[in-house]
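Number of protein chains: 2
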Amino acid sequence: MSEQALKYLKENRDQLLTKLNEFLSIPSVSTDSVHKKDINEAAKFLETYLNDIGFDKVEVQDTGGHPLVYAQYNQAGPDAPTVLLYGHYDVQPVDPIDLWDSDPFKPEIRDGRLYARGSSDDKGQVFMHLAVFEAYMKTEGKIPLNVKVCIEGEEEIGSENLYQILRDRQEQFEADFAVISDTGMVAKNQPTILYGLKGFTGIEINVTGPDHDLHSGMYGGAVRNPVVALSHILASMKNEEEVVTVDGFYDGVEPLPEEERELIRNVEGEDYQETTGVKETVSEKGYTAKEHTMARPTFEINGMYGGYQGEGTKTIIPSTATAKITCRLVPGQDPERIQSLLEKHVYDVAPSGVTVEIKKEKLSAKAYKVEPNHPLIEKAAKSYTKAFGKETVYVRMGGSIPVVETIEDIYKMPIVLLGFGTPDDRLHSPNESFPLDSFDKGMETLAHYWAEVIDK
Amino acid sequence: MSEQALKYLKENRDQLLTKLNEFLSIPSVSTDSVHKKDINEAAKFLETYLNDIGFDKVEVQDTGGHPLVYAQYNQAGPDAPTVLLYGHYDVQPVDPIDLWDSDPFKPEIRDGRLYARGSSDDKGQVFMHLAVFEAYMKTEGKIPLNVKVCIEGEEEIGSENLYQILRDRQEQFEADFAVISDTGMVAKNQPTILYGLKGFTGIEINVTGPDHDLHSGMYGGAVRNPVVALSHILASMKNEEEVVTVDGFYDGVEPLPEEERELIRNVEGEDYQETTGVKETVSEKGYTAKEHTMARPTFEINGMYGGYQGEGTKTIIPSTATAKITCRLVPGQDPERIQSLLEKHVYDVAPSGVTVEIKKEKLSAKAYKVEPNHPLIEKAAKSYTKAFGKETVYVRMGGSIPVVETIEDIYKMPIVLLGFGTPDDRLHSPNESFPLDSFDKGMETLAHYWAEVIDK
Chain G
8 MSEQALKYLK ENRDQLLTKL NEFLSIPSVS TDSVHKKDIN EAAKFLETYL NDIGFDKVEV
68 QDTGGHPLVY AQYNQAGPDA PTVLLYGHYD VQPVDPIDLW DSDPFKPEIR DGRLYARGSS
128 DDKGQVFMHL AVFEAYMKTE GKIPLNVKVC IEGEEEIGSE NLYQILRDRQ EQFEADFAVI
188 SDTGMVAKNQ PTILYGLKGF TGIEINVTGP DHDLHSGMYG GAVRNPVVAL SHILASMKNE
248 EEVVTVDGFY DGVEPLPEEE RELIRNVEGE DYQETTGVKE TVSEKGYTAK EHTMARPTFE
308 INGMYGGYQG EGTKTIIPST ATAKITCRLV PGQDPERIQS LLEKHVYDVA PSGVTVEIKK
368 EKLSAKAYKV EPNHPLIEKA AKSYTKAFGK ETVYVRMGGS IPVVETIEDI YKMPIVLLGF
428 GTPDDRLHSP NESFPLDSFD KGMETLAHYW AEVIDK
Chain U
8 MSEQALKYLK ENRDQLLTKL NEFLSIPSVS TDSVHKKDIN EAAKFLETYL NDIGFDKVEV
68 QDTGGHPLVY AQYNQAGPDA PTVLLYGHYD VQPVDPIDLW DSDPFKPEIR DGRLYARGSS
128 DDKGQVFMHL AVFEAYMKTE GKIPLNVKVC IEGEEEIGSE NLYQILRDRQ EQFEADFAVI
188 SDTGMVAKNQ PTILYGLKGF TGIEINVTGP DHDLHSGMYG GAVRNPVVAL SHILASMKNE
248 EEVVTVDGFY DGVEPLPEEE RELIRNVEGE DYQETTGVKE TVSEKGYTAK EHTMARPTFE
308 INGMYGGYQG EGTKTIIPST ATAKITCRLV PGQDPERIQS LLEKHVYDVA PSGVTVEIKK
368 EKLSAKAYKV EPNHPLIEKA AKSYTKAFGK ETVYVRMGGS IPVVETIEDI YKMPIVLLGF
428 GTPDDRLHSP NESFPLDSFD KGMETLAHYW AEVIDK
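Respectively, the protein sequence lines represent chains G and U. Start counting at 1 in the first sequence, then tack on 7, and there's your number in our numbering. Start counting at 1 in the second sequence, then tack on 7, and there's your number in our numbering.
Simulated from the structure, these hints should not be mistaken for laboratory data. Take the hints with a grain of salt, since some may be wrong.
Given that identical chains are not distinguished, each listed pair holds provided it fits within a single copy or across any two copies.
[What the hints assert, rightly or not] List time: in silico BS3-like cross-link candidates among lysine-lysine, alpha-carbon distance up to 27 Å:
#	residue 1	residue 2
1	K14	K393
2	K286	K351
3	K366	K286
4	K145	K44
5	K286	K367
6	K367	K195
7	K386	K351
8	K397	K463
9	K113	K386
10	K113	K393
11	K145	K351
12	K376	K43
13	K64	K369
14	K149	K397
So that you can see chain G by itself, here it is in the shape it has in the complex (with noise of 0.2 Å):
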């Protein structure tokens, strides 16, 4: 039943490429309030093309934070399940905006990929779903099943007024099972179910020494440099065999099993020295590269500074320094638990002579598991399999959804996880992209996945 919409998606490629950019042109950063207006554009976008498509009911409900884009579609009856669809339409900032060789807002395809922020993270993979929508409503006339959208414009800044909708409203989101487009594929072209995601908590250190910066000349040897004492802490977190050193880091993890390990060496993964430029790849000790970002926690420090920054010298002693850091958890690690393991070591190795604060990181979430035999699972890997025309692999990932741990905690349905983005995207960087060849065969997989879930 999916031939007709399949067609429709080839014949109006391009109009639905156009619209896309025009979804894409709009820069709903959301960690910057400098673009509240845009994201209501980002929003009302999708309020727009959800009613021309036809859904039933189409909302942007006020969340306290950036609104949410809620629709329903109830035509396909009450005997035809129900699926929730996620998905996020705020993006990521651009900085450093001088290394991205278009404008990240203004969409360019150069060989075969399609160069804007948002492009992979989420918005082009949102729009899919939508597209796909359109196709099986312009020529079938309705879509299989019926369908609960659900996208926000929070994720990168921690989905905190999603999490407690999603608890306070739960007759609103209540269906069968979920679906997720926010992931990728292990490879280009190489269909992937993920069965398991990390999770994900943080902390940010701030040291004070003085009440300002000093003259090095004046007040070196006589006070503490904040950014020498990060340093100690920082060092004292994770050692150069990749093991982080903070007491009860690991407590809970379970050995990684043989076929396990042989799952993941069986992976065709990414050159990781390829798509990083890195000179070699450096991972926990005991563990592949592969290993470690699939299914062996990390901690990462995302930012730090303190002191001056701009051309030549400054001879200050610094009055403060800061770091930002975050890990990725496995099943087993709790992330309240794990955040105050790391404030802990942080007070316990501070030195003498600064102020030491830790800000802990709202945005947390347990890591995730599904069963890979699931047949919602099976009928997603068979129908990116007749998309993309090559065998389904089954992996693990290093990424963080919190807002599958969230659903799956309150609503306990399966969630399958269909991700269409590829190593090279670059999310959260400049010049990221998404290739074309993800757009045809993802909303293909999609056409095929619909037909699939209804069909006894």
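With the hints as your guide, set chain U onto chain G.
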């Protein structure tokens, strides 16, 4: 013979302050090329003033960088000594500008202090010299001795062009002795002779990992994080006992003799906790804070940065991380040797998986020690005491004035450091200021000193 000049300074104090404010209002920041026009304006101000005073030859000399203001006064005749007066009209950047209580380039008097960038370092002190020359010319019709004025615009960026000129045009600067007012007293209104200054060297460490910022979920566990790597490198360079742990760093440093420790103990220095806001001082194991700042070498990270610095969280593995390091040196430490030791240490400890590059700071200086019982020094001490009504103390200080070392190296002339700054001046920081007491009594000291110097 200084009576008339002193009277003139008192009677014309308001006009002199107005003129100084005009000088301080010029944002002559040397580090930033947007201030090139202001740099030239500051040089022009000095040129005009020196001509108005009645100097015989006044020139704004091209240096290849910011201009040098040079002037000669020869009317004291061939039997009178010639002094070389060195100072600088350039100032440090003002960032972070929002921490200033008033505009750094709109001088403002509050609680007996003149607030402005450069009020203490060094425009205020340069101006005092010119005002005293003006006072002598207007009252006696002559200055007691011959003068060569050398006021540069590149002190805050390393004085490299001046050093070349000092070597190339020795005749231009030859004199019987040099006077520099670019230092401070150990406490407000406490006459202070500096008999030792520290040397100076530095490096910048650049660590590069991946060729772009990476998503920490996709790549955490596969690549070395440059910020983590940098924290390991930095933590290995100075320990928590404030001892520099770079091999060979202390080689050639003579132990601090008990007599000198006694001398340092007896100096009524500043209260570091009060002036810096730290809860406790921290200094090299085995040395007090005063001993460490005055007479022991120091190692400071002046700035460090890598990755995300904005609001909230950005879950990346940064592509690069940078640290700017400078050391203050004591007699026995060769700046270039220390620089090489720092470099070697960094390369030795650099972890795998990242590329580490060192930029050697071009500016460097050897430490300097003068004979405190030289007659020109003793006369300076006497003039100080006369003006301030208090015994002069003799101290070593942690600051570096590379020009001192250069002048001594080339010209072998005695150098008298006549400084009037105070520990509360916040040099290089927001809210730089200079006490009006120092302005008044400093000019009095200088007026006495020129009379003393020619007194056989």
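Okay, the hints, checked on the actual structure:
no., hint, result
1, K14 to K393, "within (15 Å within a copy, 99 Å between copies)"
2, K286 to K351, "between (35 Å within a copy, 22 Å between copies)"
3, K366 to K286, "between (35 Å within a copy, 21 Å between copies)"
4, K145 to K44, "neither (32 Å within a copy, 66 Å between copies)"
5, K286 to K367, "between (34 Å within a copy, 25 Å between copies)"
6, K367 to K195, "neither (37 Å within a copy, 44 Å between copies)"
7, K386 to K351, "neither (46 Å within a copy, 59 Å between copies)"
8, K397 to K463, "within (24 Å within a copy, 101 Å between copies)"
9, K113 to K386, "neither (36 Å within a copy, 72 Å between copies)"
10, K113 to K393, "neither (33 Å within a copy, 72 Å between copies)"
11, K145 to K351, "neither (59 Å within a copy, 69 Å between copies)"
12, K376 to K43, "neither (35 Å within a copy, 61 Å between copies)"
13, K64 to K369, "neither (33 Å within a copy, 68 Å between copies)"
14, K149 to K397, "neither (29 Å within a copy, 96 Å between copies)"
Taken one by one, the earlier hints fail for this structure at numbers 4, 6, 7, 9, 10, 11, 12, 13 and 14, listed in ascending order.
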